[in-house]
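Letter by letter, the sequence shown follows residues -21 to -1, 1 to 190 of mature numbering (1 follows the signal peptide of the UniProt record, and there is no 0).
Quick caveat, the hints were computed from the structure, so don't treat them as lab data. Treat the hints with caution; some may be incorrect.
As the list claims (entries may be wrong) - Ranges between beta-carbon positions, derived for each pair: (1) P138 with K73: 22 to 28 Å; (2) F5 with Q153: 15 to 21 Å; (3) T151 with K76: 21 to 27 Å; (4) S136 with V49: 27 to 33 Å; (5) K73 with E30: 36 to 42 Å; (6) G41 with H65: 28 to 34 Å; (7) D130 with R90: 16 to 22 Å; (8) I100 with A142: 17 to 23 Å; (9) H72 with P138: 15 to 21 Å.
Unchecked claim - Capping the alpha-carbon separation at 20 Å, the derived lysine to any residue pairs in SDA-like fashion look like this: (10) K146 with P108; (11) K23 with K139; (12) K23 with T11; (13) K23 with L62; (14) K150 with A133; (15) K23 with E85; (16) K179 with H65; (17) K150 with W71; (18) K51 with G41; (19) K139 with P108; (20) K52 with N81; (21) K146 with Y114; (22) K139 with T113; (23) K110 with T186; (24) K179 with Q153; (25) K23 with M58; (26) K110 with S136; (27) K76 with V149; (28) K23 with M13; (29) K110 with T140; (30) K51 with N81; (31) K150 with G74; (32) K52 with Y66; (33) K150 with E69; (34) K52 with G41.
Just so it is clear, the structure is predicted and the values come from calculations on it, not from any experiment. Note that CB positions come from ideal geometry on N, CA and C, so glycine has one too.
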Amino acid sequence: MCNKIAFFALCTALFSPMALAHPHSFITLVTTVMAENDQLTGLKMQWTMDEITSADLLYDAGDAKPDSPVWKKLAAEVMANVLGQHYFTELWHKGQKVTFNNLPPEYGLARVGHQAVLTFILPLAHPQPLKGQTYQLATFDPTYFVDMSYDHPADASVPKTLASQCKISVKTPQPTEDMQAFALSLDKADAPPEDMELGKQFAQQVTLQCQ
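Could you build the full structure based on these sequences and the hints that come with them?
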């Protein structure tokens, strides 16, 4: 039996006839900047999994109500996988990686139609200054087994309290033809070299710039 806590829904992707090349699974991102006292404190994230990726999770949840222990257990299992990969997220400031706290203050998993939606707060280990600062953010699976992307630029946003001070933008990369061909050439069971970070080549770059 497939491991139901595998966040990537590896088994469903491997046995799907459409899973012919990387990526095999898709997650739609929504991110909102969190701030307090003119400091960046974290990121509120919403990850909507495609229907195939969602299938095992929703099967396990069955007809459980939203506040059921079943959903809490599934959320904890999925979140453990996310934490094991440092939230699949990098945040950069002045050429340095910003560190995260590995204990999210809140998270949850829910059913929306035929899709599973994971929501959580990614807390920074230490609040970071916003005034006059620029940050770069990227969320990606290094193996590119999962495509993690924003459907619309507005899906990365700042709260109204920061709207006059900070602007946020999403840039979609344009990998070389060779890189695209390599990703397409990977078979269902193949994985790119770890040090290649294939997913990073396709990751959208979010820029937060504050006055």
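Hint by hint, here is what the structure shows:
no.: 1; hint: P138 with K73: 22 to 28 Å; in the structure: holds (23 Å)
no.: 2; hint: F5 with Q153: 15 to 21 Å; in the structure: holds (19 Å)
no.: 3; hint: T151 with K76: 21 to 27 Å; in the structure: holds (22 Å)
no.: 4; hint: S136 with V49: 27 to 33 Å; in the structure: holds (32 Å)
no.: 5; hint: K73 with E30: 36 to 42 Å; in the structure: holds (41 Å)
no.: 6; hint: G41 with H65: 28 to 34 Å; in the structure: holds (31 Å)
no.: 7; hint: D130 with R90: 16 to 22 Å; in the structure: holds (20 Å)
no.: 8; hint: I100 with A142: 17 to 23 Å; in the structure: holds (20 Å)
no.: 9; hint: H72 with P138: 15 to 21 Å; in the structure: holds (19 Å)
no.: 10; hint: K146 with P108; in the structure: holds (15 Å)
no.: 11; hint: K23 with K139; in the structure: holds (14 Å)
no.: 12; hint: K23 with T11; in the structure: holds (5 Å)
no.: 13; hint: K23 with L62; in the structure: holds (15 Å)
no.: 14; hint: K150 with A133; in the structure: holds (12 Å)
no.: 15; hint: K23 with E85; in the structure: holds (10 Å)
no.: 16; hint: K179 with H65; in the structure: holds (14 Å)
no.: 17; hint: K150 with W71; in the structure: holds (15 Å)
no.: 18; hint: K51 with G41; in the structure: holds (13 Å)
no.: 19; hint: K139 with P108; in the structure: holds (18 Å)
no.: 20; hint: K52 with N81; in the structure: holds (18 Å)
no.: 21; hint: K146 with Y114; in the structure: holds (11 Å)
no.: 22; hint: K139 with T113; in the structure: holds (18 Å)
no.: 23; hint: K110 with T186; in the structure: holds (14 Å)
no.: 24; hint: K179 with Q153; in the structure: holds (12 Å)
no.: 25; hint: K23 with M58; in the structure: holds (14 Å)
no.: 26; hint: K110 with S136; in the structure: holds (17 Å)
no.: 27; hint: K76 with V149; in the structure: holds (19 Å)
no.: 28; hint: K23 with M13; in the structure: holds (7 Å)
no.: 29; hint: K110 with T140; in the structure: holds (13 Å)
no.: 30; hint: K51 with N81; in the structure: holds (18 Å)
no.: 31; hint: K150 with G74; in the structure: holds (18 Å)
no.: 32; hint: K52 with Y66; in the structure: holds (19 Å)
no.: 33; hint: K150 with E69; in the structure: holds (15 Å)
no.: 34; hint: K52 with G41; in the structure: holds (13 Å)
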